[in-house]
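The task is simple: from the sequences and hints, build the whole structure.
There are 2 protein chains.
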Amino acid sequence: MKFKRSERLVDMTYYLVKNPFQLISLSYFAEIYNAAKSSISEDLVIIKATFEERGIGTLQTVPGAAGGVRFITRLQESEARELIEDLCEQFGAATRLLPGGYLYMTDLLGDPKTLNKMGKLLANAFHQKDIDVIMTVATKGISIAHAVANHLNVPVVVVRRDSKVTEGSTVSINYVSGSSKRIQTMVLSKRSLKENANVLIVDDFMKAGGTVNGMKSLLEEFSANVAGIGVLVESEETKDRLVDDYVSLVKLTEVNEREKTIKVSLGNYFETKQEFL
Amino acid sequence: MKFKRSERLVDMTYYLVKNPFQLISLSYFAEIYNAAKSSISEDLVIIKATFEERGIGTLQTVPGAAGGVRFITRLQESEARELIEDLCEQFGAATRLLPGGYLYMTDLLGDPKTLNKMGKLLANAFHQKDIDVIMTVATKGISIAHAVANHLNVPVVVVRRDSKVTEGSTVSINYVSGSSKRIQTMVLSKRSLKENANVLIVDDFMKAGGTVNGMKSLLEEFSANVAGIGVLVESEETKDRLVDDYVSLVKLTEVNEREKTIKVSLGNYFETKQEFL
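If you read the protein sequences in the order shown, they are chains H and E.
Positions 1 to 277 (my numbering) are the ones given, in order, by the first sequence.
Positions 1 to 277 (my numbering) are the ones given, in order, by the second sequence.
Hints in this document: simulated from the structure, not taken from any laboratory.
Worth double-checking, as some hints may not be accurate.
Since the list gives no way to pick one copy over another, a pair counts as held whenever it fits inside one copy or between any two copies.
Straight-line distance between alpha carbons at most 30 Å, and here's what the computed DSS-like set of lysine-lysine pairs gives [said to hold, decoys possible]:
#1 Lys4 - Lys207
#2 Lys18 - Lys4
#3 Lys190 - Lys251
#4 Lys181 - Lys216
#5 Lys181 - Lys18
Here it is, written out as structure tokens:
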């Protein structure tokens with residue numbers, strides 16, 4: 001069966017976007033569509049130009065016999081700024097303030113559109129790193145981790161607070177939570193990480209950084225490497241931050257329980273090295 | 001700025017696929033691309049035909065002034081069968097057997113490709129239902145719930161076993177787990193569900209159905225309705241199933257701890273009413 005260019009463009013766009021970071025050979029497309037490789041190349045030029053023009057991402061071409069093309073989510077700087085400002089507005093609503101100065105964000109972590117924003121932003125921040133797996137901690141980090149994983153096309157592993165029979169044998173560590181100074185436990189299934197894996201740590205909230213630091217210690221137990229740290233919200237009120245090399249989207253700058261107000265601002269996203277479209 | 005048809009096809013495909021179930025007016029596209037509505041209509045005919053031909057999904061057209069077009073993930077029956085057979089093969093590996101006859105599936109629930117298969121299959125099963133929100137229970141259900149939510153474009157709410165300060169005020173119920181007959185607790189943040197919401201329940205594993213039944217009781221507390229129940233794996237060894245109206249992808253038919261073997265087969269997916277492309 002022969003496909004017209006218009007049909008190929010639709011199907012290729014879908015396939016590329018649904019398989020980010022995956023190297024796809026031109027022969028693969030040529031065979032599916034029963035088309036010459038030169039036609040496929042022309043299609044890819046159109047797709048790449050449109051993706052870049054519209055701020056969707058880009059196509060990377062790898063030359064040679066083992067080469068091909070891969071789709072990478074990328075942002076324009078203006079779009080990144082817009083997305084983070086949207087997030088700041090969503091997080092800054094006074095109704096989010098909970099007793100104890102905590103922030104209610106469960107609804108945002110369940111909303112697919114908001115998650116996709118976070119996923120795109122963090123994927124743009126780490127797309128140049130060599131990442132084998134994303135690690136997060138149950139429960140609230142899981143949805144963000146998957147949102148990022150959808151763009152980087154890598155698996156997610158979930159650290160738990162307790163050991164469950166369905167995890168098989170596990171490795172556990174104790175760590176000191178940064179803000180409350182309490183001893184806590186973290187558990188990870190032994191099968192979930194390979195040695196020397198490059199791991200992107202993702203979490204929803206970072207205060208002193210005790211939890212993230214705990215995950216770093218856990219990675220040492222697995223002889224794995226930290227490829228990066230991305231958090232959704234960081235709290236500014238902390239003097240002794242245990243973690244310094246991280247990317248945050250939103251910063252919680254002030255919590256006033258008496259007045260029931262919160263203030264949020266841009267995280268350190270634009271202070272970190274970013275490559276935009 | 002003017003866009004060529006080829007560029008419009010690429011950008012529209014991306015936009016439609018990234019915003020499933022969202023009704024998009026033709027004027028929206030016409031304005032973005034500075035094109036006549038008749039050209040946009042022609043573009044949509046090409047996209048729809050390609051989506052259906054390639055088993056990606058379909059476009060639904062809503063006529064009238066408030067009308068427009070929406071993308072819906074749909075499967076061809078042959079693809080659904082292939083995906084479920086893939087899942088059976090992945091779940092049926094003897095190395096998955098854990099002490100106590102439990103099944104290790106944490107890796108599959110972290111893998112974006114496998115999750116996307118599950119998400120597509122369950123989205124196809126429930127795309128005709130009126131669904132406002134997907135409900136699941138921490139921890140393992142979360143990733144599947146989001147995989148389905150990505151196709152149905154609805155938020156996810158997560159039921160927990162314990163109440164956390166970051167959830168705000170909560171509603172909790174006690175229920176009896178079907179297989180172990182123990183009393184357990186389930187907690188859901190009060191803000192997470194609106195009255196009369198139509199809820200799709202999604203979980204990773206169902207034995208007697210106690211957990212799913214617990215979620216149903218919790219929905220009653222919120223005066224919400226069960227729109228459907230989808231589980232990844234059901235265990236066959238159960239006589240007194242507490243839940244009957246559900247869709248499962250994989251069935252665990254035999255666990256032999258001594259011989260270290262497990263047997264899996266197709267779930268009830270093809271026995272339930274399905275509309276394929």
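Against the structure, the hints come out as follows:
| no. | hint | verdict |
| --- | --- | --- |
| 1 | Lys4 - Lys207 | neither (54 Å within a copy, 49 Å between copies) |
| 2 | Lys18 - Lys4 | both (21 Å within a copy, 24 Å between copies) |
| 3 | Lys190 - Lys251 | between (34 Å within a copy, 26 Å between copies) |
| 4 | Lys181 - Lys216 | within (17 Å within a copy, 39 Å between copies) |
| 5 | Lys181 - Lys18 | neither (43 Å within a copy, 43 Å between copies) |
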